[in-house]
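*Asks:* If you want the building blocks of each chain, they are given just below.
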Amino acid sequence: MKGTQLAWYVFALFVSLTHALTNDKLYKEAQKNNGVIQLTNTNFHKVLGGKRDAHVVLLLTATNPQVGCTLCIEFESEFSQVAQSWQQDHPKGLSSDGESGLFFARADYEPRRNGEVFTHFKVNNVPRVFVLPPGDDMDLFRIMNLPAESGATRVAWVIQSLSELTGFNDYKMHEPINWGSVIITSLSTAIVTFIVKKNTAIAARVITSKAVWGVGTVFVIVLWISGYMFNSIRGSQYAGVSADGSKVLYFLEGQQQNQFGVETQIVSVIYGALIANILCLIKFVPYAKKFYAHDRNGKPTPSKAILIELTLALTFSSFLYLSYSALVAVFRLKSVGYPFKLFKFPSF
Amino acid sequence: MPEAKSYNLQWLQILLKTAIFLAITGAAVSSRLFSVIRFESIIHEFDPWFNFRATKYLVSNGFYKFLNYFDDRTWYPLGRVTGGTLYPGLMTTSAAIWHALRHIGLPIDIRNICVLFAPAFSGITAWATYHFTCEIKDSSAGLLAAAFIAIAPGYISRSVAGSYDNEAIAITLLMVTFMFWIKAMKTGSIMHSTFAALFYFYMVSAWGGYVFITNLIPLHVFILLLMGRYSTKLYSAYTTWYAIGTIASMQIPFVGFLPIRSNDHMAALGVFGLIQIVALGSFVKSQVSWEKFKTVMVLSLLLLIAVGVSGLFVLTYFGYIAPWTGRFYSLWDTNYAKIHIPIIASVSEHQPTAWPSFFFDTQFLIWLFPAGVFLLFLELKDEHVFVIAYSVLCSYFAGVMVRLMLTLTPIICVCAAVTVSKLFDEYLDFSFLCKKGSSEGVSLRDRTLTFITRVTVCGSMLFYLYLFVYHCTWVTSNAYSSPSVVLPSRNPDGSPALIDDFREAYYWLRMNTAEDAKVAAWWDYGYQIGGMADRTTLVDNNTWNNTHIAIVGKAMSSPQDKAYEILKAHDVDYVLVIYGGLIGFSGDDLNKFLWMVRISEGIWPEEIKERDYFTPNGEYRMDAAASQTMKDSLMYKLSYYRFPSLFNGVEGVDRIRNQRIRQEDIGELDYFEEVFTSENWIVRLYKLKNPDHLGRDLRAVGDFDRNTVKGLKKRSVKKPNLDPRV
Chain A
1 MKGTQLAWYV
11 FALFVSLTHA
21 LTNDKLYKEA
31 QKNNGVIQLT
41 NTNFHKVLGG
51 KRDAHVVLLL
61 TATNPQVGCT
71 LCIEFESEFS
81 QVAQSWQQDH
91 PKGLSSDGES
101 GLFFARADYE
111 PRRNGEVFTH
121 FKVNNVPRVF
131 VLPPGDDMDL
141 FRIMNLPAES
151 GATRVAWVIQ
161 SLSELTGFND
171 YKMHEPINWG
181 SVIITSLSTA
191 IVTFIVKKNT
201 AIAARVITSK
211 AVWGVGTVFV
221 IVLWISGYMF
231 NSIRGSQYAG
241 VSADGSKVLY
251 FLEGQQQNQF
261 GVETQIVSVI
271 YGALIANILC
281 LIKFVPYAKK
291 FYAHDRNGKP
301 TPSKAILIEL
311 TLALTFSSFL
321 YLSYSALVAV
331 FRLKSVGYPF
341 KLFKFPSF
Chain B
1 MPEAKSYNLQ
11 WLQILLKTAI
21 FLAITGAAVS
31 SRLFSVIRFE
41 SIIHEFDPWF
51 NFRATKYLVS
61 NGFYKFLNYF
71 DDRTWYPLGR
81 VTGGTLYPGL
91 MTTSAAIWHA
101 LRHIGLPIDI
111 RNICVLFAPA
121 FSGITAWATY
131 HFTCEIKDSS
141 AGLLAAAFIA
151 IAPGYISRSV
161 AGSYDNEAIA
171 ITLLMVTFMF
181 WIKAMKTGSI
191 MHSTFAALFY
201 FYMVSAWGGY
211 VFITNLIPLH
221 VFILLLMGRY
231 STKLYSAYTT
241 WYAIGTIASM
251 QIPFVGFLPI
261 RSNDHMAALG
271 VFGLIQIVAL
281 GSFVKSQVSW
291 EKFKTVMVLS
301 LLLLIAVGVS
311 GLFVLTYFGY
321 IAPWTGRFYS
331 LWDTNYAKIH
341 IPIIASVSEH
351 QPTAWPSFFF
361 DTQFLIWLFP
371 AGVFLLFLEL
381 KDEHVFVIAY
391 SVLCSYFAGV
401 MVRLMLTLTP
411 IICVCAAVTV
421 SKLFDEYLDF
431 SFLCKKGSSE
441 GVSLRDRTLT
451 FITRVTVCGS
461 MLFYLYLFVY
471 HCTWVTSNAY
481 SSPSVVLPSR
491 NPDGSPALID
501 DFREAYYWLR
511 MNTAEDAKVA
521 AWWDYGYQIG
531 GMADRTTLVD
541 NNTWNNTHIA
551 IVGKAMSSPQ
561 DKAYEILKAH
571 DVDYVLVIYG
581 GLIGFSGDDL
591 NKFLWMVRIS
601 EGIWPEEIKE
611 RDYFTPNGEY
621 RMDAAASQTM
631 KDSLMYKLSY
641 YRFPSLFNGV
651 EGVDRIRNQR
661 IRQEDIGELD
671 YFEEVFTSEN
681 WIVRLYKLKN
691 PDHLGRDLRA
701 VGDFDRNTVK
711 GLKKRSVKKP
721 NLDPRV
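From first to last, the protein sequence lines stand for chains A and B. In this text, residue positions in the first sequence follow UniProt numbering: the first is 1, and each later residue adds one. In this text, residue positions in the second sequence follow UniProt numbering: the first is 1, and each later residue adds one.
Bound conformation, chain A alone (with noise of 0.2 Å):
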C-alpha cells in the first residue's frame, strides 16, 4: 500500500511539473478557502495559466463598502451559492465522468494583494464573472451577464447558464438549509408549546377569543390590501434612493401599478390608525359615555356623560380626518393628476 502511495506521490510530482495545477490541487487550493479559490497576485498565474483539464468560473467583485458596490455584496451571497451547489453533488470538484472539473475562483479588489488580477483581466466595472473554459490559456474565457433580477431566480439562472457553457447536465441548484432560521423556529415553538401547557386555561381562552381572533383577521386583511403579495411575488425593493444619491425616496412616485416594499408599512400604519379610530367611534365613544352616565354611587351624571362623549367623538373624528387626509395625500403622490384631496400638510 505504502508502495503504490509513494509511487503515486511521485506520479502526482511529476505531473504537476508538466502541468501547472491538476484537478486535485485546485481542489486543495479550494478547501483552505470553503471551497473558492482566493486569487492574489502571487497564486493567480499558477491557479489559471497552465494546462487545466477543470472550467474555472472566476467572480472579480468589491465588497469593500468603501467601493459602494451593491451589487457586489448582494452577489455574494449568490456566489457562494452557486458554487455549494456544484460542490454538493460533486465533492471533488469533478465532472461526473472524471475527466473534467468545474472550480470556483473569486478575488474581492484590495490593490495590494490582488490588483495585478483585475489590471490582467482589464476590469472597469466589478462584479464581473468570467467563465474559462480547459487548456492552458488564460485569456481565452468567456464573461457571463448577470440577470437584474436578485436571489433565487439569479442563482438558478448563473447555474443554467453554466451549465450550458461547460455542457455538464447534472449541475443542479440547491437552496441551503437556514439553521438561524431553523433553530429559531424550533425554540420558539418549544417555548409556546411550554407556555400553553403550563396555562392551558389562558390559552384556552385567548384562543377562543372572538377579539384575538378578529384582531388577527384584520391584521392579515391590512397587511394583503396594502400590497403585501405584490412584494413578495414581485420582491419589491425595499426603498429607493434619489437619481443624485442623496435622498432616500419612500415612494415610487407616479407608478401605480408599481410599489417599494416601505410602501405597504407606510399604508398599512395609515389603514391601522384609520381602523382604530372609525372603531373607537363606533364602540369606544358609547362605552365610555355609558360608564360615565352615572357617577359611583349610582347616581345619574348625564351632563358628564354628554361632555366625554364630546370630546372623544371630536378627537376621534379629528384624528380620522388627519389620517385619512395621509392616505389622500399618499395617494396623490402615486397617482399623477388626482383631482381630490383633504387637509394639505406643510411636508407635502
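Rather than coming from a laboratory, the hints here were simulated on the basis of the structure. Careful: at least some of the hints might be erroneous.
Looking from chain A toward chain B, a few residues come up when the C-beta cut is under 10 Å (computed) [what the hints assert, rightly or not]:
1) LEU140
2) ILE143
3) VAL215
4) THR217
5) VAL220
6) MET229
7) THR264
8) VAL267
9) SER303
Every value quoted in this text rests on a predicted model; they were computed, and no experiment measured them. Note that the Cβ used here is the ideal one computed from N, Cα and C, for glycine as well.
Use these hints to put chain B onto chain A, whose structure you have.
*Replies:* For chain B alone, coordinates are given in the frame of chain A:
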C-alpha cells in the same frame, strides 16, 4: 332600519326604499355609460368581441346549433369546438333578452343589447347586495351596500357599457347565489337553498370563476362545523345546495364531469361527506350515553381519516381525479405560473396588485372594510362567518392577481356598509331634539352638546361619502371608460381626438382581402380580427393550445426566411403587427415580444433562446446596440420597416422605448410586402410574397432586384460628361 308601527309610515318607508332603489339603479347604469356617450355603442377590448360573435351566432342559428358550434375560422387549421368550450350563460341570457324584447314588439339590435348588458345587470347586483347585507345586518346597511356596489370602480372596471364579458353577469350571479345561500342557512329553507343551487348553476354556465363559490360555501360550512355550530338547518341547506348544484352544473358541456373529478371541487364533496357524518354523530349522541359516544367517535374518526386519505391517493394515482388546474394552482404558489405556464404569467390581468390599485378601485371603502370585518367578529353570528371567510380569502386572491379585485369588491362594499351603518346607528339619531321638556330633564346645554357631537361625526362621514361619489365618477370617467379599440387622445392644440387605427385596419382587412385569407397575429388580437375583420386567425385569446401560440411566437422571433417557411406551412396570407412607437401606444407587440420569445422557447428551447434577444449587458434594446438576433427577428423588421423614412431616412425615433432606430439595422424585407399601415402606424399589415416563379428563393430575388437598381444608378453615374465641343 326598524319597521315602522303605523300603517302610513310603513307605506312611506316602502315608497322611500323604492325611490332610493330607483336612484341607485339610475346611478349604477348612468355611471357606466361614459364610453357610449364619448365614443359610441361599441364592444370593448378583446374577449367581448368573441362573446359578441358567439351571441350573434346563437341569435341567428338557434340554441342547439350553438351548443354544437364548431368554429373553423379560428385556430387554423385546427378549429375550435366553440360550443363545447365556452361558458354559454352570457350569450344565452342576452339572446333570451333579445327574443323577449322582440316578442313584446321592441326589436333591438343585438349589438346594443350586448353593449348595454353589463350596466343593466349592475342594477340587479345592487339589488342582490341589498338583500345579502340585509341578512348580515339590517336594511339600512343594505341600502348603503347597494349604493356602494352600484358605483364602486372595482366593479365598474368590468361592467361598463360595451364590456360584454362573462364577469358582467358573473358578479350579479355571485351575489344572488350568496344571498340565497345566507337565507337558506339561516332558515334551513329548502326553497332558498334550491334557489341558491339554481343560481349556482347559472353562475357555472357563465364564468369559470364559479369555482370560488364551489369552495367558499363548503368552507363556510366547514368552519361552522369546527366551531361546533352544527344544526339541522345547516344540514338541510348544504345538502340540498350541493346535490342540486352539482348535478345541475354537470349539464354544462364545458364542465361535464369536472365536479366529481377535479380537485377544485373536492372540498365541496368532502364537506358533503363530513356533514353526513356529523349529522349521524349528533343523532347517535342524542341516543346513547356520553361514554359510549366517545368510543364510537374516536374509532369512526380514525377509520374515516384512513379510508379518506388512502382513497384520495388511490384515485389520484389511477388518474380518476385530476390534479389542480394550472390557473388555480398559480393562486397558491405564486411562482408556479412564472415557471410552468408563461402564457398565464404573460397576461397583465394576472399580475400582483400594488396598494394604489386597492385605493383607486374602492377609495375609502378600503379602510372601512377591515373595520367592518372586526365589527362582525364581535357579533359572530353564523352568517358573519361567511362574510369573514369571504373577506380573508378574497383579500389574498386580490393581492395575488389584479383581476380578482372584482370578486373582492362586493364584500368590501358589504363590510364598509356595515361599518358606516353602525356609525350612523350610534350618531344619526336626532330624535332627542323633538322630545321637548321630557321627564328626564335634559338641559338645553346637554342637548346642544349632543347635537354638536352627532353633527360633527355624521357630517364628516357624509362628507367622505360625498367625496367617494366624486372619486368614483372621476375614476370611471378617466380610467375605465375607454373601449381600448378606439383610443382617446389629444391634438397638439389640446382638442380631443380619437385614434381609430384598429377599426381602420380591420375594416381594410374585411374589404380588401379574400374571404378565406388567414391572418397571423399575436393571440391578443385574435378575437378582434375574428369579430371585426371576419378573417381566419391562427391563434386567439382563448389560448387553449399553447403549442399553436408558440408557433406564431416562433415565427415572430425567427429571421424572415425561417418565419416565411413557418407561416407558409400554415397557409398564412397576412401578418399583422401592432406598433406603437410613432404615436406612443405602449401596449404594442414589441413590448409583448419577450413573451412570444419565452412561450416559443418553452416548446423549442434549442432554437429560440430568450438571452439572444438581449444586448450583452442584458438590456432590452431596439437601437444600434440591439443584439443581432433581435435585429433579424421578424417582429423587429415588420415593426420598423420603412419607419426611418418618416424622419430623415437614416434614423427614426421610437417614442415608446425612446431609442433611435437605424435604417441599416432594419435591413431589407424580402419575404413580405407591406400592404397596409394605419393612420398612426399602430396596425401594420404585411402580405407573404408569392414564391418566385423562377424557383429562386426570395432573398436572392431581392438581392438581384437591388443589384439591378444599383447597376442602373452606376450606369447613370458613368454617363460621360460631355462638354459642348467648340
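*Asks:* State for each hint whether it applies.
*Replies:* Structure-based check of all given hints:
no.	hint	in the structure
1	LEU140	violated (17 Å)
2	ILE143	holds (8 Å)
3	VAL215	holds (7 Å)
4	THR217	holds (6 Å)
5	VAL220	holds (7 Å)
6	MET229	holds (3 Å)
7	THR264	holds (7 Å)
8	VAL267	holds (5 Å)
9	SER303	holds (6 Å)
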